[in-house]
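Protein sequence lines correspond, in order, to chains A and B.
Residue numbering for the first sequence follows the numbering used here, beginning at 943 and increasing consecutively.
Residue numbering for the second sequence follows the numbering used here, beginning at 6 and increasing consecutively.
Everything labelled a hint here was simulated from the structure, so no lab data went into it.
Each residue gets a CB set at the ideal place from its N, CA and C atoms; glycine is no exception.
Keep in mind that a hint or two might mislead.
[Stated by the list, open to error] Incomplete in silico selection of chain B near chain A, CB under 7 Å:
(1) Tyr15
(2) Val17
(3) Met46
(4) Glu47
(5) Lys107
(6) Ser112
(7) Gly113
(8) Leu116
[Stated by the list, open to error] Straight-line Cα separation of at most 20 Å, PhoX-like style, residue types lysine-lysine; simulated pairs:
(9) A:Lys998 / A:Lys984
(10) B:Lys62 / B:Lys36
(11) A:Lys998 / B:Lys36
(12) B:Lys107 / A:Lys984
(13) B:Lys107 / B:Lys22
[Stated by the list, open to error] If you anchor each label on the Cβ, the simulated ranges turn out as follows:
(14) A:Gly983 / B:Thr60: 27 to 37 Å
(15) A:Pro1023 / B:Ser59: 39 to 49 Å
(16) B:Thr91 / A:Arg970: 32 to 42 Å
(17) B:Ile18 / A:Ile1051: 42 to 52 Å
(18) A:Asn964 / B:Lys22: 41 to 51 Å
(19) B:Gly21 / A:Asp1020: 50 to 60 Å
(20) B:Lys22 / A:Ser962: 44 to 54 Å
(21) B:Leu119 / A:Ser982: 36 to 46 Å
(22) B:Gly21 / A:Ser994: 44 to 54 Å
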Amino acid sequence: QKEVEQNSGPLSVPEGAIASLNCTYSDRGSQSFFWYRQYSGKSPELIMSIYSNGDKEDGRFTAQLNKASQYVSLLIRDSQPSDSATYLCAVRASGGSYIPTFGRGTSLIVHP
Amino acid sequence: EADIYQTPRYLVIGTGKKITLECSQTMGHDKMYWYQQDPGMELHLIHYSYGVNSTEKGDLSSESTVSRIRTEHFPLTLESARPSHTSQYLCASSEVTGGREKLFFGSGTQLSVL
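Please model the complete structure; the sequences and the hints are all you need to start from.
Put into structure tokens, the structure is as follows:
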């Protein structure tokens, strides 16, 4: 079982819609959760981090965390074509090296 | 704004050659990482470092080495390149604030081994 699972997509949504990206993880003791955006041919950039259960909002982005279900999601409201990218979920281990583990990412396509 | 630099941006090299991928950051970060990423796949951890003279192996470390003689510099060396090493190599450093960590990535090195 992979440590961080994401649906590779592509997820296609119309401009202005809400895009919902999901991620599950296997390490029940994980404490830190991150969403990175990666444009084609570019390196990942951090867009959201979340550490406690519930929702965290930043502009058009909302991260949701449910530790009991080992589930973290990213909602993008009013999706724009410029949001088209691969979104990587990363989870930081609960012990040992505390190194972030990445999922393979979900490709999002926002069409006009 | 993150200041982490990787060179070269692209590298095409023959099998058996020794290569070093450079990574430097000017932010004074202690923790640094090397990841390997194939298209549509996860980032796989190759090596990481907690600071000067600290290096640790990740999942894909067996065919490469790293060094951390200075805080700002974390080069990755492949002693004998093989076609299976063809991939994108990403270097990152992290900022820890209030116990919370944020990774900054370099632009990456796209390596092709013929």
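Cross-check of the supplied hints:
no., hint, verdict
1, Tyr15, "11 Å, violated"
2, Val17, "17 Å, violated"
3, Met46, "5 Å, holds"
4, Glu47, "4 Å, holds"
5, Lys107, "6 Å, holds"
6, Ser112, "6 Å, holds"
7, Gly113, "5 Å, holds"
8, Leu116, "15 Å, violated"
9, A:Lys998 / A:Lys984, "26 Å, violated"
10, B:Lys62 / B:Lys36, "13 Å, holds"
11, A:Lys998 / B:Lys36, "26 Å, violated"
12, B:Lys107 / A:Lys984, "18 Å, holds"
13, B:Lys107 / B:Lys22, "35 Å, violated"
14, A:Gly983 / B:Thr60: 27 to 37 Å, "29 Å, holds"
15, A:Pro1023 / B:Ser59: 39 to 49 Å, "43 Å, holds"
16, B:Thr91 / A:Arg970: 32 to 42 Å, "36 Å, holds"
17, B:Ile18 / A:Ile1051: 42 to 52 Å, "34 Å, violated"
18, A:Asn964 / B:Lys22: 41 to 51 Å, "42 Å, holds"
19, B:Gly21 / A:Asp1020: 50 to 60 Å, "53 Å, holds"
20, B:Lys22 / A:Ser962: 44 to 54 Å, "46 Å, holds"
21, B:Leu119 / A:Ser982: 36 to 46 Å, "24 Å, violated"
22, B:Gly21 / A:Ser994: 44 to 54 Å, "51 Å, holds"
In this structure, the earlier hints numbered 1, 2, 8, 9, 11, 13, 17, 21 are contradicted, and the remaining ones agree with it.
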